[in-house]
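Participant: Here is what each chain is made of, one letter per residue.
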Amino acid sequence: MSKTIELAQHLEQLHINNMYKSDFYWTWDKTDEELDAIFTVADALRDLRERNKSTRIFDSGLGISIFRDNSTRTRFSFASACNLLGLTVQDLDEKKSQIAHGETVRETANMVSFMADVIGIRDDMFIGEGHKYQKTFMDAVKEGYRDGILEQQPTLVNLQCDVDHPTQCMADMLHIIHQFGGVENLKGKKIAMTWAYSPSYGKPLSVPQGVIGLMTRFGMDVVLAHPEGYDVMPEVEEIAKKNAAATGGSYQKVATMEEAFQDADIVYPKSWAPFAAMEERTKLYQAGDQAGIDALEKKLLAQNAQHKDWTCSEEMMKKTRNGSALYLHCLPADITGLSCPEGEVDNSVFDRYLVPLYKEASYKPYVIAAMIMMSKVKDPVSALMALDAAGKRKFF
Amino acid sequence: MSKTIELAQHLEQLHINNMYKSDFYWTWDKTDEELDAIFTVADALRDLRERNKSTRIFDSGLGISIFRDNSTRTRFSFASACNLLGLTVQDLDEKKSQIAHGETVRETANMVSFMADVIGIRDDMFIGEGHKYQKTFMDAVKEGYRDGILEQQPTLVNLQCDVDHPTQCMADMLHIIHQFGGVENLKGKKIAMTWAYSPSYGKPLSVPQGVIGLMTRFGMDVVLAHPEGYDVMPEVEEIAKKNAAATGGSYQKVATMEEAFQDADIVYPKSWAPFAAMEERTKLYQAGDQAGIDALEKKLLAQNAQHKDWTCSEEMMKKTRNGSALYLHCLPADITGLSCPEGEVDNSVFDRYLVPLYKEASYKPYVIAAMIMMSKVKDPVSALMALDAAGKRKFF
Amino acid sequence: MSKTIELAQHLEQLHINNMYKSDFYWTWDKTDEELDAIFTVADALRDLRERNKSTRIFDSGLGISIFRDNSTRTRFSFASACNLLGLTVQDLDEKKSQIAHGETVRETANMVSFMADVIGIRDDMFIGEGHKYQKTFMDAVKEGYRDGILEQQPTLVNLQCDVDHPTQCMADMLHIIHQFGGVENLKGKKIAMTWAYSPSYGKPLSVPQGVIGLMTRFGMDVVLAHPEGYDVMPEVEEIAKKNAAATGGSYQKVATMEEAFQDADIVYPKSWAPFAAMEERTKLYQAGDQAGIDALEKKLLAQNAQHKDWTCSEEMMKKTRNGSALYLHCLPADITGLSCPEGEVDNSVFDRYLVPLYKEASYKPYVIAAMIMMSKVKDPVSALMALDAAGKRKFF
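Here the protein sequences come in this chain order: Z, L and C. In terms of our numbering, the numbers along the first sequence are unbroken and rise by one, the last being 424. In terms of our numbering, the numbers along the second sequence are unbroken and rise by one, the last being 424. In terms of our numbering, the numbers along the third sequence are unbroken and rise by one, the last being 424.
The set of hints was computed from the structure by calculation and includes no laboratory data. The reader is advised that the hints may include incorrect statements.
[To be verified] Here are the computed lysine-lysine pairs in the DSBU-like style, where the Cα-Cα straight-line distance is at most 35 Å:
(1) Z:K420 - C:K406
(2) C:K81 - L:K170
(3) L:K81 - C:K81
(4) L:K170 - C:K422
(5) L:K160 - C:K231
(6) L:K81 - Z:K170
(7) Z:K420 - L:K81
(8) C:K346 - Z:K406
(9) L:K422 - L:K163
(10) L:K49 - L:K420
(11) L:K160 - Z:K420
(12) L:K170 - C:K346
(13) C:K81 - L:K420
(14) C:K420 - L:K49
(15) Z:K163 - L:K422
(16) L:K81 - Z:K31
(17) C:K31 - Z:K420
(18) L:K420 - Z:K81
(19) Z:K170 - L:K49
(20) C:K31 - L:K406
(21) Z:K31 - L:K422
(22) Z:K160 - Z:K281
(23) L:K406 - C:K422
(24) Z:K31 - C:K49
(25) C:K346 - L:K422
(26) Z:K422 - C:K160
(27) L:K163 - Z:K422
(28) Z:K422 - L:K81
(29) Z:K163 - L:K170
(30) Z:K81 - L:K160
(31) Z:K49 - L:K327
[Said to hold, decoys possible] If we take Cβ atoms under 10 Å as the criterion, some of the chain L residues that face chain C in the derived model are:
(32) T132
(33) V133
(34) S410
(35) A414
Just so it is clear, the structure is predicted and the values come from calculations on it, not from any experiment. Just so you know, even glycine gets a beta-carbon here, dropped at the ideal spot from N, CA and C.
Please build the complete structure, drawing on both the sequences and the hints.
Facilitator: And the structure:
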């Protein structure tokens with residue numbers, strides 16, 4: 029029996045009926061079994077690909093991508109996922125579009141979705157705005173479908189908002205699961221999500237928030253650490269606490285990187301911006317106050333620079349379990365001595381983890397494809413079985 | 029019998045042999061039966077899509093898009109149409125290309141058309157230039173095909189030129205046909221194509237020209253209204269007059285919006301630039317006279333501002349038949365109090381017509397796909413019947 | 029028997045086992061039989077296309093394009109080739125990407141190659157850098173495949189580097205072969221690769237290098253001519269000499285365009301930059317010395333201007349065999365009196381050769397597709413036979 033068939037049989041056990049036609053905003057909207065389904069389908073699609081099986085579930089169709097912030101890996105991951113399933117990507121590049129001429133989100137949403145099967149949106153720039161944009165957009169296409177404007181209802185894959193970065197965190201998690209040999213081995217494992225110094229400014233909070241919101245669901249001991257003033261959204265911390273309580277794991281905050289790294293099995297050191305400062309920035313942008321934005325940037329860079337000791341050095345890594353915790357990063361990292369004089373991680377640490385880091389990233393296209401498949405296919409068990417039995421991807 | 033089969037049977041009655049391998053420049057190049065064929069195939073493709081039938085007529089192939097002016101909805105409509113038929117869009121972004129380095133249109137046309145099945149061009153910026161560019165381009169690829177450079181002859185879909193905007197006006201018309209329950213119900217209906225005030229400058233004339241050139245063919249009473257100095261191309265007005273005479277409808281010009289709206293069944297209030305001023309602008313651009321262009325813009329904005337009373341207000345709408353004429357717009361509209369302080373239409377009017385407006389736009393991808401299909405498929409009747417009988421678009 | 033079957037039978041005679049999974053950097057990496065295989069498959073794909081046969085060898089998959097220099101015809105050729113085989117192009121536009129934020133080539137290579145079947149790279153700007161970038165990129169993806177990050181090993185098509193421009197020169201050569209009725213008719217034919225004056229600055233050397241590195245392999249008398257100081261890379265000249273010795277042809281350098289054109293059967297007059305100056309420019313760029321770059325440009329333009337007599341005039345053409353040598357150019361050309369006051373070629377000469385010039389260009393998509401097919405398909409003979417027997421590209 030192929031791995032895909034085994035995975036399809038596991039999928040059959042799960043309660044996943046609500047996933048058909050559903051959007052993927054945040055991992056905490058989904059049940060444990062629904063997340064399990066995403067991981068299962070991602071693994072199955074990878075297995076099919078490795079065995080040169082076609083994984084097309086569409087003969088034609090469009091995946092619309094909207095990147096309101098720069099991206100390489102997420103862009104290519106979305107493109108790969110769409111291609112894997114038979115969809116063509118059409119990018120809404122807002123610089124090229126008429127949106128600046130006063131078009132509303134509601135109108136745009138309908139105008140770009142005529143034949144859309146899935147919408148991938150990245151909007152992580154402004155606290156309080158990213159999720160709102162995605163929600164407004166998707167409400168508009170649902171109305172469009174209801175009103176007979178669109179023939180099918182496109183579904184959302186959140187490619188990063190101000191709150192969560194589910195495709196990243198789900199890929200991170202799938203990587204952890206495979207590295208530790210299964211979810212059943214994660215109970216009691218310690219994972220440290222920590223702030224790290226970066227010479228750049230204003231990195232999104234969606235990764236640490238996504239990590240504590242997701243990884244508290246697997247019985248792990250999740251520790252968040254950051255310098256004073258770099259708090260994440262309190263709503264997400266509440267979710268992390270509830271998750272931990274439900275799974276027999278724990279969630280705690282500590283004040284130093286050292287404490288977080290102590291005996292950690294997994295470490296995720298990464299820069300982010302202070303939540304309150306990001307709220308302030310959003311207001312400054314809305315007011316068009318460029319002088320205020322510049323002043324804020326200057327202040328934040330100076331604040332960051334006070335915490336250069338928050339770095340994933342060789343010394344810091346030695347504190348982790350057997351000195352060899354699994355090092356995670358969403359990439360690109362600010363690497364001390366390589367991409368900047370002082371950054372998030374020592375070059376020698378980063379270099380030692382290069383292969384696992386790239387593997388971590390390599391799950392993202394499959395996670396996205398699985399999210400699309402679960403929302404577009406009514407009976408994914410039969411679909412996987414049919415793909416397993418059907419034709420080649422490369423014919424010759 | 030499916031709707032598609034019914035439509036295929038209707039298509040069979042039409043004289044459409046000349047459409048195979050033909051270009052689509054202007055609606056008035058086409059016979060009534062040829063336009064009927066486009067509408068029929070558009071409806072059939074939509075029916076097939078709604079029933080999850082694959083509408084691919086190509087296993088592979090390219091649709092080349094050339095947008096010499098910004099566009100969101102036409103870009104996505106063309107991409108959707110190509111995808112619907114199995115073509116991949118390759119965009120010629122002239123900013124990226126070597127064209128600025130002295131490449132002639134003839135050379136470019138051949139170099140981008142190696143595998144092109146269809147070419148979509150938008151070039152509406154300069155009076156006297158847009159159509160010429162399209163014609164030069166298509167003559168070159170015809171020669172290329174004749175000379176054995178290209179293996180197949182790509183055909184044109186005019187995505188807007190300085191004279192006509194056929195994909196827009198055909199979508200508008202198909203919307204009208206469906207709203208009124210068939211072409212047979214349009215006889216004697218009054219449609220008002222009127223100028224409206226916009227705070228922006230230099231909007232193309234191709235929409236009003238396209239509308240009077242097309243909608244005079246269905247026995248309707250077509251009224252054009254604009255302030256003094258905002259005349260459209262006289263050649264197109266001649267066509268409108270001839271059309272009206274041939275179909276038992278009428279074409280007339282009136283001097284006020286009020287008169288045009290009086291008892292109208294359909295209204296299409298929209299800003300455009302004066303024809304003579306656009307000719308002047310073209311010459312200034314050709315001479316590279318930026319100061320002249322700026323002065324002209326200033327003058328035209330001032331001229332526009334004298335006609336702020338040309339606006340589709342609630343009061344104006346009350347003059348239409350039962351106060352509830354069908355409101356049309358090609359979008360995006362300049363909406364008073366929403367996208368600008370004073371614009372083409374009251375926010376409350378626009379908002380009331382949102383669903384029909386989006387529906388109007390939703391016909392465009394199908395109209396484009398039908399234009400492509402009619403020019404690329406020798407026996408479209410058999411093709412529709414085969415598609416009706418064949419496989420799914422979404423397999424699972 | 030179809031032409032494709034004949035070509036497949038010819039392919040069967042060739043020793044081409046090493047081509048599967050191989051990269052295409054330079055023509056001189058490949059054996060004569062391997063180049064023969066590319067020409068053969070290119071002709072077969074064109075024949076299949078002309079007979080409306082599907083040439084898809086992929087059900088889905090990605091071709092990644094990286095253009096580190098502007099391009100129209102190579103971009104469209106790569107897009108056409110990918111589409112022909114069933115691949116979708118995903119472009120890495122580095123302006124949009126995070127690469128500028130310190131990402132290394134190795135990381136980028138893995139991050140964009142998750143589902144890549146083929147990578148097309150153009151990097152011809154800097155002497156000593158273009159090939160290095162391609163090599164670093166491809167080494168990284170090979171490691172990625174070995175380490176289980178990528179499920180398949182993508183292969184390279186060099187779309188132009190600082191050393192060779194194989195897709196251009198192979199297309200040029202296939203054009204020559206067809207113009208002269210077969211490789212067997214090329215023995216003793218004289219081809220003149222000559223520098224020509226252009227008012228622009230810094231054109232790549234990869235075309236003249238590629239031409240002398242490839243065209244010395246067919247028993248032709250290859251002559252290179254350029255003003256003093258415009259030498260090409262000495263390593264490539266060594267290759268040209270060895271090739272000529274091996275095939276019974278000749279390679280020589282002459283000091284004037286007149287001498288090169290004398291009794292030539294084929295002429296390829298084209299501007300390029302001095303090798304030493306390009307090395308200097310690379311160093312200036314690496315040092316970020318904009319003043320130095322500007323000074324160098326000024327100097328080189330002045331140097332170019334001393335050689336305006338190096339132009340493919342009517343008079344010069346008269347010196348060639350029967351005054352009617354085959355005129356080649358990679359396009360776009362600097363045409364005297366059309367695109368510039370004084371350039372590489374007289375307008376009347378260029379115009380007379382328009383059809384053959386466009387045909388020359390039209391081989392490029394097929395050459396690229398053949399390169400991809402030979403590196404991705406283990407048994408291309410069977411694949412061609414299967415395609416010949418299989419379905420239509422345009423279904424109706």
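Participant: Checking each numbered hint in turn, tell me which of them this model violates, lowest number first.
Facilitator: As far as the earlier hints go, 8, 9, 11, 19, 25, 27, 29, 30, 31, 33 are violated by this structure, in ascending order.
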